[in-house]
Amino acid sequence: MPMQPSPLDRVALVLYQPQDVVNVAAIIRVMSNFGLSDLRLVEPAAFDPHRIAGIAHHTEPLIARTRRFPTLEAALADCGLTLGTTGRPRETERQVLPPRAAAPMILDQARTQRVAILFGPERDGLPNAALDLCHGVITIPTHPFNRSLNLAQAALVIAYELWMAWTQPNDGPAHRPPAAAAPPDATESLATGAEREALFAAVDELLSALYPGGSPGRRSSAAARLRALLLRAQPRPEEARALTNLLRHAARTGRRS
Numbered sequence: 001m002p003m004q005p006s007p008l009d010r011v012a013l014v015l016y017q018p019q020d021v022v023n024v025a026a027i028i029r030v031m032s033n034f035g036l037s038d039l040r041l042v043e044p045a046a047f048d049p050h051r052i053a054g055i056a057h058h059t060e061p062l063i064a065r066t067r068r069f070p071t072l073e074a075a076l077a078d079c080g081l082t083l084g085t086t087g088r089p090r091e092t093e094r095q096v097l098p099p100r101a102a103a104p105m106i107l108d109q110a111r112t113q114r115v116a117i118l119f120g121p122e123r124d125g126l127p128n129a130a131l132d133l134c135h136g137v138i139t140i141p142t143h144p145f146n147r148s149l150n151l152a153q154a155a156l157v158i159a160y161e162l163w164m165a166w167t168q169p170n171d172g173p174a175h176r177p178p179a180a181a182a183p184p185d186a187t188e189s190l191a192t193g194a195e196r197e198a199l200f201a202a203v204d205e206l207l208s209a210l211y212p213g214g215s216p217g218r219r220s221s222a223a224a225r226l227r228a229l230l231l232r233a234q235p236r237p238e239e240a241r242a243l244t245n246l247l248r249h250a251a252r253t254g255r256r257s
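Using UniProt numbering, you'd call the opening residue of the sequence shown number 1 and step up by one each time.
Hint data in this document are derived by calculation from the structure and do not stem from the laboratory.
A couple of the hints might just be wrong.
What follows is a list of derived Cβ distance ranges for each label pair [claimed, not checked]:
{"id": "1", "residue 1": "A45", "residue 2": "G214", "range": "32 to 40 angstroms"}
{"id": "2", "residue 1": "R123", "residue 2": "A64", "range": "23 to 31 angstroms"}
{"id": "3", "residue 1": "G214", "residue 2": "H50", "range": "45 to 53 angstroms"}
{"id": "4", "residue 1": "G217", "residue 2": "A45", "range": "24 to 32 angstroms"}
{"id": "5", "residue 1": "T71", "residue 2": "G214", "range": "20 to 28 angstroms"}
C-beta: ideal position from N, C-alpha, C; glycine also.
Taking the hints into account, I'd like the entire structure generated from these sequences.
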C-alpha cells in the first residue's frame, strides 16, 4: 500500500438529494474500504449519524467529516474536475467514460485540485440541470436487460476502480480517454465550481441582453448547450475569469445598443 499522500483525499463524493439514510451509510462504508474521506450531501432527506454508525461500523471519523450543503453549486464551489454519474443517455453531448477509464483521469487531477464525483437521487438519478454542472459523466457498463444500479452499488464500483488505479496503477493496460478529451496536465488546475458558476452566469447575462424578448425556454436551451461546450473545453481559472469578463462586457454593450 502506498505510503505517500493519496490523491484519494482530494476526491469528493457528492450525493444530490439522497433519500435513504441506509444508502448514505453504505456509501460511507464503501469510502472507508477504499480510502476516500470527503462525503458531501446536498439536500439529504435525512442524516442521522447515530443510525449510520449502527449500520456502517467503525466509520465514526468519516461520519463526523460528512458535510451538508444547501445547493449543488455550494457543494462544488471548491472543485475542479466534476464528473456526474448516469446510466441513461441524455440529449446534451457530454464526454462519457466507464469507471476504469475515469479513475486514472480523476487521480491525475486530484494530485493538485479537488475533484467531485456526483451521484443523483435513488429513484431518478441526476437531473439534466445537475449534469449541466459536470465536465463529463461516468457510466457503468451493465447488462442491457437491467442497466440500473443501486446508488451504493454505483459508488462501490467507482470507489474500487479509484483504489485500484491508485494502489496498482500498472496492473493491466491503461484505459484513458482520447487525448483531445483528456484533462489538463496534473500540474494545471481547472476552473473551480465557483469560477464556472460565474462564467455560466455571464453566459445567461449575455443571452438575456442579446435576446431580451426571446422565449425563456429557448434561452435556457441555448445556455445549456453553451455550458456543455465550455465544460468540454475545460477552462483553467484564468481562462474562465477572462471569458467571464468578456461576456459581461459584451452583455453591457448589447444592452446599450
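Compare the structure with the hints numbered earlier in the document and write down the numbers of the violated ones, lowest to highest. Checked against the structure, no hint fails, so every one of them is satisfied.
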